[in-house]
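Given chain A, work out where chain B should sit, using these hints.
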Amino acid sequence: DAGVIQSPRHEVTEMGQEVTLRCKPISGHNSLFWYRQTMMRGLELLIYFNNNVPIDDSGMPEDRFSAKMPNASFSTLKIQPSEPRDSAVYFCASGSSGGIYNEQFFGPGTRLTVL
Amino acid sequence: RKEVEQDPGPFNVPEGATVAFNCTYSNSASQSFFWYRQDCRKEPKLLMSVYSSGNEDGRFTAQLNRASQYISLLIRDSKLSDSATYLCGGNTGFQKLVFGTGTRLLVSP
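If you read the protein sequences in the order shown, they are chains A and B.
With the first letter of the first sequence counted as 1, position 54 gets the number 55 in this note's numbering; the numbers rise by one all the way through.
With the first letter of the second sequence counted as 1, position 60 gets the number 50 in this note's numbering; the numbers rise by one all the way through.
Excised from the complex, chain A in its bound form (with noise of 0.2 Å):
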């Protein structure tokens, strides 16, 4: 089966540019959940969706971000205008909810410099 999709893989860009991450999750999963990993604050929640719905945002760091999830099976998280401090990276995570043990599973993740 495949696992959480995420692309690019990479990516450099200057400030002030957009960047567009995605990510596919796991066929089946409801729950979609984005993450930012630093060395200075580890990894952090932004945002997650249930259904397609978006129940918590408050991770977002500025307005500058934003994050949709169209069907159930695509989501993107949008950085504009970027700044070199987003630079990071970036997991996509899926899973299933419904009971009390809900497993996340990571897709490989963006990493992103902003130059």
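Calculated from the structure, these hints are not laboratory results.
Fair warning: there could be bad hints in the mix.
Not everything, but these chain A residues come out facing chain B in the computed CB check (under 10 Å) [unchecked claim]:
| id | residue |
| --- | --- |
| 1 | Q38 |
| 2 | F66 |
| 3 | T77 |
| 4 | A94 |
| 5 | G96 |
| 6 | N103 |
With a straight-line Cα cutoff of 30 Å, these simulated DSS-like cross-link-like pairs (lysine-lysine) come out [said to hold, decoys possible]:
| id | chain 1 | residue 1 | chain 2 | residue 2 |
| --- | --- | --- | --- | --- |
| 7 | B | K69 | A | K25 |
| 8 | B | K32 | B | K69 |
| 9 | B | K35 | B | K(-8) |
| 10 | B | K32 | B | K86 |
| 11 | B | K86 | B | K35 |
| 12 | A | K25 | B | K86 |
| 13 | B | K35 | B | K69 |
| 14 | A | K69 | B | K86 |
| 15 | A | K79 | A | K69 |
| 16 | B | K86 | B | K(-8) |
| 17 | A | K79 | B | K69 |
| 18 | B | K(-8) | B | K32 |
| 19 | A | K25 | A | K69 |
| 20 | A | K25 | A | K79 |
| 21 | A | K69 | B | K35 |
| 22 | A | K69 | B | K(-8) |
| 23 | A | K79 | B | K(-8) |
| 24 | B | K69 | A | K69 |
| 25 | B | K32 | A | K69 |
| 26 | A | K25 | B | K35 |
| 27 | B | K35 | A | K79 |
Think of the CB as a built atom: it goes at the ideal place given N, C-alpha and C, for glycine as much as any other residue.
What follows is chain B alone, placed relative to chain A:
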């Protein structure tokens, strides 16, 4: 205080040793906990879900102590391939997980 805290290590152990990590959490309402393994420049991979008081999977044992609000991961007979960073995660609400910063393990020959 961070919601989930871990000793960053590194823990340096020889092959065959037994090693244990602890992870403390502050939200007493947390219901489920997880250990993930993360290799350098890779994604976190689910190692174990921590059910009830604890569970075992081969060389790995995870335990939950609700009274003291910590979970532990015990690795027996360490292998070189166990070298990685181990992340502890606890839920803080509907499906929302908060992770510690990870504990680095180095297993040497």
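Given hint K86 (chain B) paired with K32 (chain B) - CA-CA distance at most 30 Å: Holds - the C-alpha atoms of K86 (chain B) and K32 (chain B) are around 22 Å apart, at most 30 Å.
Given hint K86 (chain B) paired with K69 (chain A) - CA-CA distance at most 30 Å: holds, 18 Å
Given hint K69 (chain B) paired with K35 (chain B) - CA-CA distance at most 30 Å: holds, 18 Å
Pair hint K79 (chain A) and K69 (chain A), alpha-carbon separation not exceeding 30 Å: Satisfied, since the Cα-Cα distance of roughly 9 Å is no more than 30 Å.
Given hint K(-8) (chain B) paired with K69 (chain A) - CA-CA distance at most 30 Å: holds, 29 Å
Pair hint outcome, K69 (chain A) versus K35 (chain B) [Cα-Cα no greater than 30 Å]: Holds, at about 25 Å.
When the least beta-carbon distance from T77 (chain A) to chain B is tested against 10 Å, hint result: violated, 19 Å
Agreement of hint F66 (chain A) with chain B interface, Cβ distance less than 10 Å: violated, 17 Å
Agreement of K79 (chain A) and K69 (chain B) with the hint, judged by alpha carbon distance not exceeding 30 Å: Roughly 41 Å separates the two Cα atoms, so the pair is violated.
Holds or violated: K25 (chain A) to K69 (chain A), with C-alpha atoms at most 30 Å apart: holds, 12 Å
Restraint check for K69 (chain B) with K25 (chain A), where alpha carbons must lie at most 30 Å apart: violated, 34 Å
Hinted pair K25 (chain A) and K79 (chain A), Cα distance within 30 Å: Holds: K25 (chain A) and K79 (chain A) sit about 15 Å apart, inside 30 Å.
In this structure, the earlier hints numbered 2, 3, 7, 17, 24 are contradicted, and the remaining ones agree with it.
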